[in-house]
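> Letter by letter, the chains look like this.
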Amino acid sequence: MIMSFKFPDASFTVDLDPKFAADLAEMLATNAVQTYEVVRMLEQIAYFDEHRLQLSGDYPGQTVVIGDQAVLFSGSQDEAFTWVAAHRGAAPVYLVTLPRPEQSGDALAAMAGSSGAVYRG
Amino acid sequence: MPGAPYFGIDGRPRIQANWSTLKGGAAQTLEFILDSGATRSGVDKVGGIGGTFLGTVGVIGASGVQSQHVLLGDTTMEFDVVDAQQGTVRTVTHTGEVLVTGQRIIGQEVFQAKSLSLTMDFTVTPPAIRLEC
Chain B
0 MIMSFKFPDA
10 SFTVDLDPKF
20 AADLAEMLAT
30 NAVQTYEVVR
40 MLEQIAYFDE
50 HRLQLSGDYP
60 GQTVVIGDQA
70 VLFSGSQDEA
80 FTWVAAHRGA
90 APVYLVTLPR
100 PEQSGDALAA
110 MAGSSGAVYR
120 G
Chain P
0 MPGAPYFGID
10 GRPRIQANWS
20 TLKGGAAQTL
30 EFILDSGATR
40 SGVDKVGGIG
50 GTFLGTVGVI
60 GASGVQSQHV
70 LLGDTTMEFD
80 VVDAQQGTVR
90 TVTHTGEVLV
100 TGQRIIGQEV
110 FQAKSLSLTM
120 DFTVTPPAIR
130 LEC
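Top line first, the protein sequences correspond to chains B and P. The numbering of the first sequence is numbering that gives the first Met the number 0, which starts it at 0 and goes up by one. The numbering of the second sequence is numbering that gives the first Met the number 0, which starts it at 0 and goes up by one.
Don't take every hint at face value.
[Claimed, not checked] Distance condition first, Cα-Cα at most 20 Å in a straight line; then the derived DMTMM-like pairs of lysine to aspartate or glutamate:
no.	chain 1	residue 1	chain 2	residue 2
1	P	Lys-113	B	Glu-78
2	P	Lys-44	B	Asp-77
3	P	Lys-22	B	Glu-42
4	B	Lys-18	P	Asp-43
5	P	Lys-44	B	Glu-36
6	P	Lys-22	B	Glu-36
7	P	Lys-44	B	Glu-25
8	P	Lys-113	B	Asp-77
[To be verified] Stretches of chain P that chain B covers, calculated by requiring three or more beta carbons in the stretch to come under 8 Å of a beta carbon on chain B:
no.	stretch
9	8 to 22
10	118 to 131
Please keep in mind that the hints were generated in silico from the structure rather than gathered at the bench. From the three backbone atoms N, C-alpha and C, an ideal C-beta is built for every residue, glycine too.
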């Protein structure tokens with residue numbers, strides 16, 4: 000869902016899971032995350048949204064780690080999690096697994112058949 | 000206290016584990032679903048308190064819709080397993096990263112790291128479920 004976020008010094012419009020947005024608000028309220036971390040996270044998600052087509056073409060089927068408006072790492076999902084654990088200085092980052100071209104067809108078939116989401120995790 | 004796995008009311012295998020985060024205070028005993036089919040382990044928001052914020056994990060579903068989960072580090076889970084060779088119970092400890100999700104799950108990366116397998120033993124009555132390594 001496309002949502003807008005306003006902070007004193009920045010604003011973002013990003014494609015965000017509304018439930019995640021509620022989680023963020025709660026985590027901010029309890030100081031589990033700091034405002035600057037949320038701002039940086041939204042910058043990364045906005046960067047991904049803006050470059051989604053290009054990234055899907057450049058890294059099909061791979062998990063990319065996005066840091067300061069750039070791809071810091073790409074590889075398998077396991078490799079990406081290992082990279083994040085080993086590069087704490089880069090945190091917080093945004094990890095996202097890009098679909099393979101053939102999955103686009105799967106997605107259409109899934110939508111047609113209303114088979115729902117396929118991700119487990 | 001940790002103990003043997005059991006089936007929850009929804010039929011999914013579960014286990015009690017001691018759970019702690021770097022800044023979350025004393026360890027607490029929480030119930031986790033055992034699911035080697037889940038690519039990553041997860042914890043709920045309450046369990047995630049005190050973990051180190053490492054980033055966000057985005058998931059693009061079949062319909063192209065994105066969802067996101069917070070990724071936390073410096074979390075530790077401790078639970079009992081049966082040593083398949085010795086036949087004895089021992090406690091394993093796993094420290095790593097987890098996703099903040101709606102459910103507490105011990106996922107595939109822990110099964111792999113600790114060489115775990117979930118065994119249903121029908122040679123005994125009633126059938127037993129064991130988490131072995």
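> Each of the hints needs a verdict: does it hold here or not?
How the hints compare with the structure:
1. As the CA atoms of P/Lys-113 and B/Glu-78 are separated by approximately 18 Å, the hinted pair is consistent with the 20 Å bound.
2. As the CA atoms of P/Lys-44 and B/Asp-77 are separated by approximately 23 Å, the hinted pair breaks the 20 Å bound.
3. Only pairs whose Cα atoms come within 20 Å are accepted, and P/Lys-22 paired with B/Glu-42 is rejected, the gap being roughly 27 Å.
4. Restraint check: the Cα-Cα separation between B/Lys-18 and P/Asp-43 comes to about 13 Å, which is no more than 20 Å; the hinted pair holds.
5. For the suggested pair P/Lys-44 and B/Glu-36, the alpha carbons sit about 17 Å apart, so the restraint of at most 20 Å is met.
6. Restraint check: the Cα-Cα separation between P/Lys-22 and B/Glu-36 comes to about 17 Å, which is no more than 20 Å; the hinted pair holds.
7. About 9 Å separates the Cα atoms of P/Lys-44 and B/Glu-25, which keeps this hinted pair within 20 Å; it holds.
8. Pair hint P/Lys-113 plus B/Asp-77 holds up; C-alpha atoms about 16 Å apart against a cutoff of 20 Å.
9. A stretch counts as covered by a chain when three or more of its residues have a beta carbon under 8 Å from one of that chain; for the stretch 8 to 22 of chain P and chain B the count is 0, and the coverage is violated.
10. With 0 residues having a beta carbon nearer than 8 Å to a beta carbon of chain B, the stretch 118 to 131 of chain P misses the requirement of three or more and the stated coverage is violated.
In terms of the numbered hints stated before, the structure departs from hints 2, 3, 9 and 10, listed from lowest to highest.
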